Every structure is written in structure tokens, then in C-alpha cells.
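K.L.:
Listed below, chain by chain, are the residues.
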Amino acid sequence: MEVINTKEEFSTFVDSVKNEAGYKQPLGFGICKVDLSRVNPDEDLTANFLVSNWNENNGSAAVFQKVVQNLPSNILHQSENELVVNIDLEFTNSALALFNPFREEATGDNHLNVQAMNILNGIMNHQDFEGFKEENGIAYRLIMIYEDTVVETVTGAYLKLDALSKSKVKLRSLNLNGVFGILKRLAWVGNTPFELEWLKANEMQLKAVNRYHAIESVDKFPRYLHHIIPDENIRILDDSKVRYGAQLAKGTVIMPGASYVNFNAGTEGPSMVEGRISSSAIVGAGSDVGGGASILGVLSGTDGDPITIGKNCLLGANSVTGIPLGDGCIVDAGIAILSKTPVHVTDTQLTKIQEANPDSDIGRKSVTDDGFYAFEFSGLNGLHFRQNATTGQMVVFRSTREVKLNEDLH
Amino acid sequence: MEVINTKEEFSTFVDSVKNEAGYKQPLGFGICKVDLSRVNPDEDLTANFLVSNWNENNGSAAVFQKVVQNLPSNILHQSENELVVNIDLEFTNSALALFNPFREEATGDNHLNVQAMNILNGIMNHQDFEGFKEENGIAYRLIMIYEDTVVETVTGAYLKLDALSKSKVKLRSLNLNGVFGILKRLAWVGNTPFELEWLKANEMQLKAVNRYHAIESVDKFPRYLHHIIPDENIRILDDSKVRYGAQLAKGTVIMPGASYVNFNAGTEGPSMVEGRISSSAIVGAGSDVGGGASILGVLSGTDGDPITIGKNCLLGANSVTGIPLGDGCIVDAGIAILSKTPVHVTDTQLTKIQEANPDSDIGRKSVTDDGFYAFEFSGLNGLHFRQNATTGQMVVFRSTREVKLNEDLH
Amino acid sequence: MEVINTKEEFSTFVDSVKNEAGYKQPLGFGICKVDLSRVNPDEDLTANFLVSNWNENNGSAAVFQKVVQNLPSNILHQSENELVVNIDLEFTNSALALFNPFREEATGDNHLNVQAMNILNGIMNHQDFEGFKEENGIAYRLIMIYEDTVVETVTGAYLKLDALSKSKVKLRSLNLNGVFGILKRLAWVGNTPFELEWLKANEMQLKAVNRYHAIESVDKFPRYLHHIIPDENIRILDDSKVRYGAQLAKGTVIMPGASYVNFNAGTEGPSMVEGRISSSAIVGAGSDVGGGASILGVLSGTDGDPITIGKNCLLGANSVTGIPLGDGCIVDAGIAILSKTPVHVTDTQLTKIQEANPDSDIGRKSVTDDGFYAFEFSGLNGLHFRQNATTGQMVVFRSTREVKLNEDLH
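Line by line, the protein sequences give chains A, B and C.
As numbered in my numbering, the first sequence has no gaps in its residue numbers, which increase by one up to the final residue, 1321.
As numbered in my numbering, the second sequence has no gaps in its residue numbers, which increase by one up to the final residue, 1321.
As numbered in my numbering, the third sequence has no gaps in its residue numbers, which increase by one up to the final residue, 1321.
In isolation and in its complexed conformation, chain A is listed as follows:
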């Protein structure tokens, strides 16, 4: 493999690779450790990314594709959309020969792909490497995704989840179809996966010798904290509460009571989350999801339309929200606002809501005798939903309260 000596040579090299016939720039790519199946050692069960890239670092992508070109036997899966390659010592040697001008300065936040190659090369040069790999049941992979279509491989699924959780892509922007089919149901002990069939086959022996595992979850997805180091001011008080593939913005606090953040769901700014952000739901900056509050998700509850909650909203304790909300909205504690919930509004309040939402046609459409359904207020700003404690009527009015998070906490 050729060795590149200067950054200029590197630029020239990358350009030449990109100009090769058939060169495809990946959408995303990453370098990961994979856990291998205990039942079928050729099967990847999971992927843990040393580095993942999304629409970035095209030079590194070119290097890796060149390396793969020269090591075709390392290819494990190749299609129009996905490429999975085994990373071995030769792979890292070849990549580092090309990354040569950057090897020394690859520290801290610089040249993460080069750092990953440096680290793997160091490990693989160790004389006990094969034994270590065997004992740990692991291997290393390069995964490239060229188009955002149906997920084809385990490493591909994990790369998309990683891109979501590392905020490299927007929530709901990726095609996750197929992910439930691709990911295997696994028993997790910490971040180590076990296949249930392997556990079954070894159950008696493990129990007899007092080494039966204390399984912490059985799921197709791992936990967010098994992969992600949370950004500034994010706090997650219980790892079981956030699935890998969730996206949390700086200043998000996930309390342990009745909260949950599913994959492809999350927050866009500082927020207090003591309730459930179901799959595909998004919560805006400054909002408070009260204790036990539920935001319905696309996998169950809504009719398939994902729910966005705006900025500075308050979803009261044990409330249920089944419609999207704009900014500065309040859903009172204990009530349920579902798509088809009839909500009453006075003429005065309707006018105020219209003033707060000049672009909306709320109330200017013909209204049925039954009044409004909650979904007609979808996405409007400054709403306050309440159940009238004297008449039991569900009402909406223009909110007069400003929602503010406790600054000490975020």
C-alpha cells in the first residue's frame, strides 16, 4: 500500500479517489467494535462506534474506500446501499499509510477517524490480539451507508441510531424501516449482549456454578448510555429510561420516576423530562414534561402523525397529549387531550388565540355544532388546555402563564 507523506499529497489522493469511475460518496460511515454471536460466530450482534460520520469527513471516506478496494476479501456485505468490511491489522496499516500526515496531530477532537485507526492498529499489533478478540467475542468493522433506504445490516442499523443519538441528523429524518427485523432480541448484561438461545443452552450449567447472569434487559435495542457520552448538562438518572437512537439536547434532564424516551424521539433544548416521549415525538427547548405525562407516539397511540411539542410548554403531571403543540402551551395536570377530544372555547378566548396565531385559520373554518376537536388546535402557540372543575368541560384558552424551567437544574 502506498504511503502518503504530506497533506498536499493527501488532498491530491482524495481527489483522485473521488474521480475514479464508480466512486460513491457515502451518506454516513463509521468504525465500530462488534459483538459476535455466540451461536454463529459469523454474525454481528451489535456495533459500538469508536467514530461515526454523517455527511462529513469525505476525505476519510475516500481513504477507507481505497483500502477496501485493495482488500476485497475483507468485505462482509455489499449492496447498493450498504458496505460492511472487516477491519484487521492489514486494513489499519493500509489506512494509516494513507492517513500518515495526520497521525501525529490526531488527538482530542481532531481527525477522529485517524485516531480510531491509530487505536485499533495499536491493539492489533499486540501479540495477544487474537486471543483477546476470541475471549471477548468481538471484531471490528467499517460500515458505509450510501443512501437512506431500508436498513440492511446490524451495523447499518446501529450507525443510523448512532447518528440520531449524536445529533448528527435531525430526529425523524432517517429511514428506519426494517430496524425491528434486523435487530435481534438480546439479553443485556450491562452492555454485553447474550443470545437467548445460548443462555437457554447454558442455563443449567451457569446456575449450577453460580455464574448465571443478572440480565438487565431483553430488547432489540441497547440503551443510550451504553453508547453515548451525554453532552453538556444532560442528566439521565436511570439508564433504562433512554433507548439508543433517542436524541437529547444540552440541558435535558431525564428523571427516573415514570419517564421514557424512545428511539427516534427526544428534545431540542434544555428540558425537564419526568414523563414519556414516545417514538417519533419531539419536545422543544424550555419545555417541561411533568411527572408521568405521556406524549403519544407513532408506534402506539397516534394515527401515525408524530407529535411535536413546542418551546416553553408545560405538560402537567399525569397529563396525556395526543396532538402537536406550538410554543408556550400548557396541558393541565391529569387531563388527556387526544386528537378527537371535544374542547370548548369561548369567543373571547378564540379571538385571543387567533391573535397569538395570525397565520392559523382556527375558528375561521366552519365549525360543527359540536364545537372543536382538539386536533383543530394542533401546533398553535399559547394554548392552555384545562378541564373546568365546575362543569367537567374540557376547555382551551389563551395561556396567561409563562413556562420557565428552574435554571439551577439545567
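By construction, these hints were calculated from the structure, which means they are not laboratory data.
Quantities reported herein were computed from a predicted structural model and do not represent experimental measurements.
Honestly, I wouldn't trust all of these hints.
All copies of an identical chain are treated as equivalent in the list; a pair is satisfied when it fits inside any one copy or across any two copies.
For lysine-lysine, the following DSS-like pairs were computed, each having C-alpha atoms within a straight-line distance of at most 27 Å [unchecked claim]: (1) K1111 / K1044; (2) K1111 / K929; (3) K1077 / K935; (4) K1111 / K1081; (5) K1222 / K1251; (6) K918 / K1044; (7) K1077 / K1095; (8) K1081 / K1315; (9) K1315 / K1263; (10) K1161 / K1095; (11) K1095 / K1315; (12) K1161 / K935; (13) K1263 / K1251; (14) K1315 / K1251; (15) K1131 / K1077; (16) K1161 / K1111; (17) K1222 / K1131; (18) K1131 / K1315; (19) K1077 / K1111; (20) K1222 / K1077; (21) K1079 / K1111; (22) K1044 / K935; (23) K1161 / K1081; (24) K1315 / K1161.
With chain A's structure known, arrange chains B and C on it following the hints.
P.N.:
Structure of chains B and C alone, referenced to chain A:
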């Protein structure tokens, strides 16, 4: 101890044992590892079953009883209803001499009791066995239960919980009286139990040498996943959410938000559980227990009548259900239907409910001026409970929606 | 350092120390192991108390202050209010010379401060001690707090949390201002803290060698069970549900569904907790916080007034309580009683409520046309809050039901 050489001899042997005077066939029996008390080494704290049997494998039961007959000093507890026996090398040698014709074919799903003896015999023949046992603070037991009466021993309590969690018996079919008295409150680190008095006595030393345990729970019961390998398509996203003694059917998903499944409670088919299934409550196939939904249990909440939820029901997010439901029922999000909740029904809807429940006498009994209480609809099919959002009235009507789980998830 | 030989000499010594000019008696003090920062080894991240004292054991306090006087270079932090001192072999030798008459009888519950010195002295005399300390990244500290003002140090913050969780002080009696600023956001693996910046710097290497930690929480506070051995009959089914600084009385059961007990909050007697006791909220003996029930806290929800729930109350499943309650109150399942919730009461019921609360002026004040707000009933006994299922009206009446916990469970 005699050695049996053929399967025919084995049959003859079993028949002869069963015909012995005073022979009692056990209702259930099992082979387990037990954790011993650190305070009193003669006390069993827990039991972890290599194999448990309930109304099955009577041949194996006969073998074990014969072995015990010849090893009376191994008996630790013996009463009309329970027999607990220490398993040592001599026990396994004797048992395997009788199981001889089956030893080789005891693999996979075949002859689990023989497999257990093979495995224990292998361990006990190891020269370091005594040291290993000492170091781990464990021992091995045979437990037999003859009648389903009040629980007498720790191993007996665990055998009943195991039978429930392995679906060997129906939920609510076992007498669990005495279980709270028999089981000791323990501090669990993974699946290793510590006595609180032992921790107290060693607290300073452990903290000083940085070996203080990260205790995960303090409870009389262990967690389901510390004992059970979940069946096909069962997913449990947080081990703290299911107690040992719960029963989960294939396709049950336990989400981590606000869910919980207590012992002697569970599901009868594929189901999505994001809420609480309290002690003695049962949820039918195809039902969805929404986020934060509560099904009241016999230990707190109901008047002692356990609640059954039928098939294809939907308990909305943060709803509370205090009455049994038939099939295809819906309780709307956020409402509470307790036994004595007055619910209004129109004549038209009452007729439709009657048509859906031809065997019920609902509405044909005299009705008080106050209308109906919720409990009068107990167990009926096709109900939809809702709070009228205009009048605040709690109403019930004939459901027009079919509840379906998301097939990808179960 | 002088050696004290008799208990009489010890008394004389203590008196002489207390009479020294400038002697200050501490409010609280403790002996702890600290985890050191991996980034800055001079920084204490946490404290784990071998023994903590609050308004007690002034003789021991005098001994420790004398030792510090003679070892000024061990002082790490000294102000009007807090003193933090490094404990090394010389410290323990000096302290034990003074504690000499009590060393032998310091076992079990006797002379815990002397026990702590004995244990630390034993460890520090070990020839591998420096290596052990280095490897574990730990050190030992004496912390003294003289006045209950703003928290200044990590060890000071932990001492106050410890005093709360060990019931050495009443809930809400300590000044915890500054605690969010002093405590660092940490990633916890069991009870071992990791700094997020250190994890970030080592992420790739750890992932590559399959030693990436399974982080269980990211929080400024540790968990209660990482520090406290629960008292008689306390059960905590999931360690993530109780923060360090919470106070649980004997017989408290914390279920794992939707419960949470924040710091500076807790229970005053046997209780069943399946819901949320937010920061500064207190629940009385015999009360039942139903599944998913929320008691609002001062950090979010209330206007700053902490909520006390009296004895023998029942907060129904998924209820929300935003006002203080007296004894024997019931909030029905699924309803929200917030400070400004209008609640209706009949004249008859108002009279009964007045009879049950002779010292209250409820209903004797002028009443607005709107009737009552919930907060006007704050702290009264024997109330039952309900939503009328026919009219949707929120009502309060004199409770006719006695709330009793299931005795088997507490």
C-alpha cells in the same frame, strides 16, 4: 445403590417405588442451587432452579424419593407438604445410577432432571468443589411439594414462584399464603443476595476498602430475569419491572416507563405493557396497557377480587382500571374506572351492550335512580369507557373500535 | 502525640479541648472515603461516610479537632463553616492515641468514630496501602460543619445528604443552598463515579478494548442505596427510585413502577410508595401513595411551598396532589388537586369538615362566589377529594373511609 441398566428396568423400578406403602406423588419438585445465609450458614436464603417440575416427570420424582429414602441424613425439612433435601455427591451418584439408561440422551430439551444430576455430579466430582461451594456460599437442594397449602420453606416458596413464571401453572391457581413471612428481606446486587444485618456489620470495612456494594434492590422477592429466560418474543426493557412469580406470555413487551408486573400477575398472550399489572391481575392476548395505566391489585386498591382484562383491550395512557373487563374493551386515556364509579349509559348503547353480551343480565336487573356503578359492567365485552368532555359525565358505550397491536413489535 | 490511658483522662482531655480559646463545637462531622477526580487528583468528587454525626458525639469531635490542630498541613479547606482534612496514617495514629480507652470496646453500635479510626488505621498500616489508594483513586477525609449555611464543599454537601438519609435531622431542616453548584455532574457505574470529560477522552480506547463502561446514571447526586443500609422493613425495589438525601422511615416500601423519592423528601412512617414524592415533600405514617400518583415539589410544580401529606392518607393511582393534606385524607384515583383547583363542597359536608378540624377557619372566612379553591383546604384532616362522575364537578367531602396499609407488606 442399585444401578439400572435399561429403560425397561427403569419402568419397573418406578412402578415398584410408586407401589411402596406411603409413597406420595409430589405436586411439584425441583433441583436448585441455594444461596446460604452469611449470618447463619444453615439457612437457605434463595433458590435458583436448574429444573423445576409441576404435575410432570413422575418417574424422576420416584427416583429422587428413592434416593432420599436411602440418604435420610440429607433431609433438611420434612412435613406433610414439603420435603427439602441436601444434594451432595452421594445423592447425585445414587440418582444417576437409577437414571443410568437416560444419561447419554439427556441433552437439549430431554430429561432435564437427569441433565441437572449430570451437571451437579460433574461439579461435585471436581477436587476443588468444597472450596468453590464455600467461596460462593452456596449449596444444592431437592425440594418437593406434595399439596398446595401454605408455604413452609424458602425453597418451597421459590418453587411456586418458578412454576408461575415458567407457566407451569395458571396465574392465581397456587396458594401463596405465607410467602411474605417466609421470604427474607434481602439486599440484591445483581442476583446475589446480601442480608442487611451482614451489610450493617461490615459497612465500615467495605466502605473503607472501596468495596461497598452497589445494591440494586431491597426486597423479599428477586427479579424475574434473575431466574427466567423469557420465551419467544418477550421483551423486558428493564429488569426491575417484573418480579419473580410474574407470568408473561409469548409476545409480551414490557416497556420501561411506568410499567410493573407484580408476582402472581401477568399476561396471557402478545401484549404491550407500559403500565402496571398489580398482584393477581391478568391481561389477555392482544391487549395494550398504555403508558402509566394502572390495573388495581388485590394487595392494594381492590376489595380483594382480582382483576382480569380480556383480549384486545386498550387501557389508555394514565387510565386506572378497578373492575374486570371482557374482550375488546377500551378505557380512555386519563380516566379512572373504579368499582363504585357511577357510569351513565344511554338506552341505545345499553341495548348494543346487551347484544354483545347475550349471557349477561346487565340492565335487566333493577337499576337504582343513580344509574349504574362501574362494577355492574364487570367482565362484559366490547365496552368503551369515556368521560364526556362536554358534560364531565363518565359514560360507557358499545365500542366501535378494534384494538390491534403493532405487529412489528410482538 | 499524647496517649490517653483511662476514660477519666479522656473526659478531662475533652473538657480541656472544649475550653480552649476559639474552640467551636461542630454541628455535624464525619469520616469518609472520597473518590478523587481522574482529571484533577486534588479534587474530591464524592464522599462515602464510614460514620457521620449530627449534634452528637462531641467528645469525638474534640479529639478530631485536637488532631487537626497538630497536623495543620492536612487541612484541605477551612472556613467559618466548614473544615475538610485529609486523613492519613499519622492522623489515625494520633486519634487512636486519644481514643485509646475505647479502642477495644469499639464494636457493634459502640463508638462508631473510634471504629472508623481503627479500620482506617488497619488499612493504612498495610504495606500496599499507597498502591491500593492509587489504584482505587480514593482518599479519606474528616469533614466538619459548624453552621448550617450555604454548602461549600463536596464533602460538606454529602454530609448533609447523609444526615438527611440517616434521619439524623428532620427533612427540610437543613440549608441545602449551593448543592447543585457544588456537586459535579458524574457518570455512575454502580457506585463508582466517572467524570464525563475523562470518559470522552478515553471513549475510543475503552470501546476498542471492549471495556467501555455500562453507565447507569448521569447525575449530580448518587443513589440512596449506594450509601445507606435501609432500616427495618424498608424495601426499595429499584435503586434508581431513591436519591441520596431522601429520608425513608421504617416500614416504607418503594415499588418500581412509577415511583420516585427525591432528595430532602420522604416518609415519616410505614407507607406504600408507588408514586412520586418530589423534592421537599413529606408523607406521613400509614399513607399510601398510589401507582403513578404525583406529589408536587418545590423544584417544579408548586409555588415554593413544600407539601406535607398527613397520616393514613390515600393518594389514588395517577392522582396529582398540589396542596398539603392533613391526616386521613383521600384523593381519588386519576384526579388532580392543584392549589387553584376550584372545589365544591355542600353545606352539610362543610359542617362535617369543620367538626373534624375545629381549629381551622375553613368556611368561616368570606367565600367568593366561585366557591373554594383547593388551597383553602390545605392541611385539613379527613378530606376526600373526588370528581363527581355525573356532573364532572370537583368536590370535597368528609371522608368516611379509613385508610389502612396491608399489614403483611410493612
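K.L.:
Which numbered conditions among the earlier hints are violated in the structure presented, ordered from lowest to highest?
P.N.:
Hints 2, 6, 12, 22 not satisfied by this model.
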